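Chemist: Here is how the chains run, residue by residue.
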Amino acid sequence: AQTVTQSQPEMSVQEAETVTLSCTYDTSESNYYLFWYKQPPSRQMILVIRQEAYKQQNATENRFSVNFQKAAKSFSLKISDSQLGDTAMYFCAFWGEAYSGGGADGLTFGKGTHLIIQP
Amino acid sequence: DAGVTQSPTHLIKTRGQQVTLRCSPKSGHDTVSWYQQALGQGPQFIFQYYEEEERQRGNFPDRFSGHQFPNYSSELNVNALLLGDSALYLCASSSGGLYSGANVLTFGAGSRLTVL
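These protein sequence lines map, in sequence, to chains G and F.
Take 1 as the starting number for the first sequence in this note's numbering and just add one per residue.
Take 1001 as the starting number for the second sequence in this note's numbering and just add one per residue.
It should be emphasised that the hints constitute simulated quantities derived from the structure, not laboratory data.
This one's a predicted model, so the numbers in the text were calculated from it and none came from an experiment.
Ideal Cβ placement from N, Cα and C applies to all residues, glycine included.
Mixed in with the good hints there might be a few duds.
Straight-line distance between alpha carbons at most 20 Å, and here's what the computed SDA-like set of lysine to any residue pairs gives [stated by the list, open to error]: (1) G:Lys-111 to F:Asp-1085; (2) F:Lys-1013 to F:Leu-1081; (3) G:Lys-111 to F:Leu-1081; (4) G:Lys-78 to G:Met-11; (5) G:Lys-55 to F:Ser-1100; (6) G:Lys-111 to F:Leu-1039; (7) G:Lys-55 to F:Val-1104; (8) G:Lys-70 to G:Gln-6; (9) G:Lys-111 to G:Ser-30; (10) G:Lys-70 to F:Leu-1039; (11) G:Lys-73 to G:Asp-26; (12) G:Lys-111 to F:Ala-1109; (13) G:Lys-78 to G:Ser-30; (14) G:Lys-111 to G:Met-11; (15) G:Lys-111 to F:Glu-1053; (16) G:Lys-55 to G:Ser-74; (17) G:Lys-111 to F:Lys-1013; (18) F:Lys-1013 to F:Val-1115; (19) G:Lys-111 to F:Gly-1040; (20) G:Lys-70 to G:Met-11; (21) G:Lys-111 to F:Glu-1054; (22) G:Lys-111 to F:Gln-1044; (23) G:Lys-111 to F:Ala-1038; (24) G:Lys-78 to F:Leu-1039; (25) G:Lys-70 to G:Ser-22; (26) G:Lys-70 to G:Pro-9; (27) G:Lys-55 to F:Gly-1058.
Here are the in silico distance ranges between beta carbons for each label pair [what the hints assert, rightly or not]: (28) G:Ala-1 to F:Ala-1002: 21 to 27 Å; (29) F:Ala-1080 to G:Glu-61: 19 to 25 Å; (30) G:Met-11 to F:Val-1104: 22 to 28 Å; (31) G:Ser-7 to F:Leu-1083: 40 to 46 Å; (32) F:Gln-1018 to G:Pro-9: 31 to 37 Å; (33) G:Thr-27 to F:Gly-1016: 35 to 41 Å.
To give a feel for the contact side, a few chain F residues facing chain G, derived at Cβ under 7 Å [what the hints assert, rightly or not]: (34) Ser-1033; (35) Pro-1043; (36) Tyr-1050; (37) Gly-1097; (38) Gly-1101; (39) Gly-1110; (40) Thr-1114.
Work out the full structure: start from the sequences and follow the hints.
Modeler: Shown next as structure tokens:
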């Protein structure tokens, strides 16, 4: 079974600053994907960024980038030039392709980090 | 283009009752997954439906059941409600058969269930 750990329950930064959210995971699988999802007060989960484990290059989406350290099983999210609209819960998630029995048990999520962007 | 829609948005039940939650997937999606998100926690995978059958299931008791209709919409049923079933129930849809990390999951805004 895989686990996802987010060690920062809450973070607060000033608008326009850069912030990094941490995530570590544990798995024995070799083929997997990692995700960062944003959940604003509206409750709808929105995909921020996705990383395929076999890709060496770190994924980037505009102001959002990841630092994927496969050997260390670490997957941190960096938000540059933070904006008030970035205030939300951020969840790190894992999906792995299980070899035995086929299929996978959906996404495995961490407990989340509440990010607050101060004006 | 409507995304994933869920109903009802909020509901209150008492212990022992049964509840049905509904989900309409995003247009063009044929696979529906359900997640339970307890307060202060990340979502947990309940099960996934594709071609009107339950294809994958997380670690949830048989009190949790579901259904997928020919139009790809889905229902989540929970019987004999417990206080611990209080949570936000999220529906997510995708296309291309059983979900894999290569697909894009689109989530709804959830149904908030309170069990008294």
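Chemist: Next, verify each hint and record whether it holds.
Modeler: The hints, checked one at a time:
| no. | hint | result |
| --- | --- | --- |
| 1 | G:Lys-111 to F:Asp-1085 | holds (18 Å) |
| 2 | F:Lys-1013 to F:Leu-1081 | holds (8 Å) |
| 3 | G:Lys-111 to F:Leu-1081 | violated (24 Å) |
| 4 | G:Lys-78 to G:Met-11 | holds (13 Å) |
| 5 | G:Lys-55 to F:Ser-1100 | holds (16 Å) |
| 6 | G:Lys-111 to F:Leu-1039 | holds (10 Å) |
| 7 | G:Lys-55 to F:Val-1104 | holds (18 Å) |
| 8 | G:Lys-70 to G:Gln-6 | holds (16 Å) |
| 9 | G:Lys-111 to G:Ser-30 | violated (23 Å) |
| 10 | G:Lys-70 to F:Leu-1039 | violated (30 Å) |
| 11 | G:Lys-73 to G:Asp-26 | holds (7 Å) |
| 12 | G:Lys-111 to F:Ala-1109 | holds (18 Å) |
| 13 | G:Lys-78 to G:Ser-30 | violated (24 Å) |
| 14 | G:Lys-111 to G:Met-11 | holds (14 Å) |
| 15 | G:Lys-111 to F:Glu-1053 | violated (30 Å) |
| 16 | G:Lys-55 to G:Ser-74 | holds (14 Å) |
| 17 | G:Lys-111 to F:Lys-1013 | violated (26 Å) |
| 18 | F:Lys-1013 to F:Val-1115 | holds (5 Å) |
| 19 | G:Lys-111 to F:Gly-1040 | holds (7 Å) |
| 20 | G:Lys-70 to G:Met-11 | violated (25 Å) |
| 21 | G:Lys-111 to F:Glu-1054 | violated (26 Å) |
| 22 | G:Lys-111 to F:Gln-1044 | holds (10 Å) |
| 23 | G:Lys-111 to F:Ala-1038 | holds (10 Å) |
| 24 | G:Lys-78 to F:Leu-1039 | violated (26 Å) |
| 25 | G:Lys-70 to G:Ser-22 | holds (14 Å) |
| 26 | G:Lys-70 to G:Pro-9 | violated (23 Å) |
| 27 | G:Lys-55 to F:Gly-1058 | violated (28 Å) |
| 28 | G:Ala-1 to F:Ala-1002: 21 to 27 Å | violated (35 Å) |
| 29 | F:Ala-1080 to G:Glu-61: 19 to 25 Å | violated (43 Å) |
| 30 | G:Met-11 to F:Val-1104: 22 to 28 Å | holds (27 Å) |
| 31 | G:Ser-7 to F:Leu-1083: 40 to 46 Å | violated (29 Å) |
| 32 | F:Gln-1018 to G:Pro-9: 31 to 37 Å | holds (35 Å) |
| 33 | G:Thr-27 to F:Gly-1016: 35 to 41 Å | holds (39 Å) |
| 34 | Ser-1033 | holds (6 Å) |
| 35 | Pro-1043 | holds (5 Å) |
| 36 | Tyr-1050 | violated (10 Å) |
| 37 | Gly-1097 | violated (11 Å) |
| 38 | Gly-1101 | holds (3 Å) |
| 39 | Gly-1110 | holds (5 Å) |
| 40 | Thr-1114 | violated (15 Å) |
Hint compliance for this structure: hints 3, 9, 10, 13, 15, 17, 20, 21, 24, 26, 27, 28, 29, 31, 36, 37, 40 are not met, and every other hint is.
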